[in-house]
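Chemist: Single-letter residue listing:
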Amino acid sequence: MTVRPPTLREKRRYVLARVLPGGMTVDPKELYFAVAEAVTSLWGDDLASRVHPAVLAIENGCAFIRCRRGTERELALALSTVTSCAGQKIALRTIATSGTMESLRARLQETARGAPGALPAGTGISVGGKDVEVIFCESQKIDVVEKGFKNAARFFLTTQDLEDK
Amino acid sequence: MTITDLGLRPYPVGDSSIRRMALEARGLGYDSLVAVGVPPGDYYGVAVREGIIIAGMPAKDAAAKAKRAADGRLVMVRAGDNGFNRAMIGVRGVHLLCGIEYAHRHAFDHVIAKMAADNTVAVDISLAPLILRRGPARQKALDRYRDILMLSRKFSFPLTLSTHADSVLSMRSVREVSGLAATIGFDLDEIEQALAFAGSRHAGSTPVREVP
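If you're matching them up, the sequences are chains A and B in order.
Following the working numbering, the numbering of the first sequence begins with 483 at its first residue and continues without gaps.
Following the working numbering, the numbering of the second sequence begins with 2 at its first residue and continues without gaps.
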C-alpha cells in the first residue's frame, strides 16, 4: 500500500481533555467506546462518521482525542455528554485543541496540575464522624471514600471542609 | 454580568461539598451559584446563594411555601400540569419554573407564557437531560426546549440555563453550556441573558430602592 502524499491526507485536529475524577485509571479503548457512543447519540451516524473520533493516548490524567478538522466543536460538545466509562462515573473537561499532539503535550506541561495535596492517598481521616480514606488529593481538592464498604461512592471535598469538621 | 449556575444539590443530596462545587465552578467560568439547602456565602471567590425548589405539593401549599420563603433566596417551582403552572406563575415570590421537560407538552402554553412575561418569572432550561439522557428521552427534552424557546421569543419571558448538578462530575463549563444551548437553538444574546438572569434577580432584590 502506498502512503498518500501529505497534500492528499485528511486534516486532523487533536483535543486535549482532562479525565475526572483525578487519579482514576481509564482504559483508552473503553474511553473510545464512551466517546464514540456520545458522538453518535448526540449528532447521529452521519456527523459521527465525519467527526471520526479516536482516543490516541491517556497521559497524566488527560486524554488525547483525534477528530477531523472542522469538527472540533462537535467533538467537544459530545465530550461534555460523556458521563461514564466502563461503568464508572467520569467527566471530560476539554482543555485545548491543536493540530499536533506535540503542541498539546506542551500545553499540558503549561497547565500542569496544581501542587500535590497535603494528604497522600490511603490516609485515613474522620469526616463528620465517619471514617474515610483519601484516594486522591491535589492542591485544595480531596476525594475520599468511606472505609469498610466495597465499591463505596466517592465524595468530593476540599481541605477547608476537613478543617471545619 | 454575573454568570450563574442554578439548582445545584451539594452534599448530603449529592456527593460533593458546596466548597468543592464552588472551587470547580470557579475553574469552569462561573461567578456565582444557586444551591439548594446550603447557607449563602462566598467560597473561593464564588458567591453562593441559597435556592429553594418547591415540588410535589398542591398549588395552594406551594404558593404558601413560596410566599414564606425568606428574602434573598431564589424560589424555583417544579412545573406540573397547566392549572398548577398557571397558578404558580402568578404567585409573588416565585422566580423560576423548572423541570418543564418533565411536564406535559400542554402544561406550558401561550397563556402561561404571557403571564410569565408579565410577572418576570423565568423558565429554566436544564441541560441535565441533554447530558445524561440518550435517545428518545433526550429528543423529547430537546423538542420541549425548542417549543419553550419559540414561546420565549414571541412573548419575551426570561429563560435560564442550568446544569442542576449533584456532583462536580455533573458540572459543565460555561463554554460547554453555551454550546449545548446553541444545539437547542439559542443565539449568543439569549445565552448571555439566560446565564445572567439569576445574578440580575439577586442584584434587583437588594433592600435599597429608588424612591421618586
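Treat the hints as calculated values from the structure; they're not laboratory data.
Keep in mind that the hints are not guaranteed to be accurate.
[To be verified] Covered stretches of chain B, as calculated for chain A (at least 3 residues, CB under 8 Å):
#, region
1, 4-17
2, 77-88
3, 156-168
[Claimed, not checked] With a cut-off of at most 20 Å between alpha-carbon atoms, the simulated EDC-like pairs for lysine to aspartate or glutamate come out as follows:
#, chain 1, residue 1, chain 2, residue 2
4, B, Lys-141, A, Glu-554
5, B, Lys-66, B, Asp-43
6, A, Lys-493, A, Glu-592
7, B, Lys-66, B, Asp-110
8, B, Lys-68, B, Asp-110
9, A, Lys-571, B, Glu-191
[To be verified] Cβ pair distances, simulated, as ranges:
#, chain 1, residue 1, chain 2, residue 2, range
10, A, Ala-635, B, Gly-46, 23 to 31 Å
11, B, Gly-46, A, Arg-494, 34 to 42 Å
12, A, Glu-512, B, Asp-144, 50 to 58 Å
13, A, Ala-635, B, Phe-156, 41 to 49 Å
14, B, Gly-30, A, Glu-541, 32 to 40 Å
15, B, Gly-46, A, Glu-645, 14 to 22 Å
16, B, Ser-157, A, Gly-504, 27 to 35 Å
17, A, Gly-630, B, Asn-120, 18 to 26 Å
18, B, Asp-188, A, Thr-582, 27 to 35 Å
19, B, Pro-59, A, Leu-601, 34 to 42 Å
20, A, Gly-610, B, Leu-133, 22 to 30 Å
21, B, Arg-93, A, Glu-584, 38 to 46 Å
22, A, Ser-585, B, Gly-57, 46 to 54 Å
23, A, Glu-645, B, Met-58, 48 to 56 Å
The C-beta atom is built at its ideal place from N, Cα and C for all residues, glycine as well.
Chemist: State for each hint whether it applies.
Modeler: Here is what the structure says about each hint:
no.: 1; hint: 4-17; verdict: holds (count 3)
no.: 2; hint: 77-88; verdict: violated (count 0)
no.: 3; hint: 156-168; verdict: violated (count 1)
no.: 4; hint: Lys-141/B to Glu-554/A; verdict: violated (26 Å)
no.: 5; hint: Lys-66/B to Asp-43/B; verdict: violated (26 Å)
no.: 6; hint: Lys-493/A to Glu-592/A; verdict: violated (26 Å)
no.: 7; hint: Lys-66/B to Asp-110/B; verdict: violated (24 Å)
no.: 8; hint: Lys-68/B to Asp-110/B; verdict: violated (24 Å)
no.: 9; hint: Lys-571/A to Glu-191/B; verdict: violated (32 Å)
no.: 10; hint: Ala-635/A to Gly-46/B: 23 to 31 Å; verdict: holds (28 Å)
no.: 11; hint: Gly-46/B to Arg-494/A: 34 to 42 Å; verdict: holds (38 Å)
no.: 12; hint: Glu-512/A to Asp-144/B: 50 to 58 Å; verdict: violated (32 Å)
no.: 13; hint: Ala-635/A to Phe-156/B: 41 to 49 Å; verdict: holds (43 Å)
no.: 14; hint: Gly-30/B to Glu-541/A: 32 to 40 Å; verdict: violated (25 Å)
no.: 15; hint: Gly-46/B to Glu-645/A: 14 to 22 Å; verdict: holds (18 Å)
no.: 16; hint: Ser-157/B to Gly-504/A: 27 to 35 Å; verdict: violated (44 Å)
no.: 17; hint: Gly-630/A to Asn-120/B: 18 to 26 Å; verdict: violated (52 Å)
no.: 18; hint: Asp-188/B to Thr-582/A: 27 to 35 Å; verdict: holds (34 Å)
no.: 19; hint: Pro-59/B to Leu-601/A: 34 to 42 Å; verdict: violated (49 Å)
no.: 20; hint: Gly-610/A to Leu-133/B: 22 to 30 Å; verdict: holds (28 Å)
no.: 21; hint: Arg-93/B to Glu-584/A: 38 to 46 Å; verdict: violated (60 Å)
no.: 22; hint: Ser-585/A to Gly-57/B: 46 to 54 Å; verdict: holds (52 Å)
no.: 23; hint: Glu-645/A to Met-58/B: 48 to 56 Å; verdict: violated (38 Å)
Hints 2, 3, 4, 5, 6, 7, 8, 9, 12, 14, 16, 17, 19, 21, 23, counting from the list given before, are not met by this structure.
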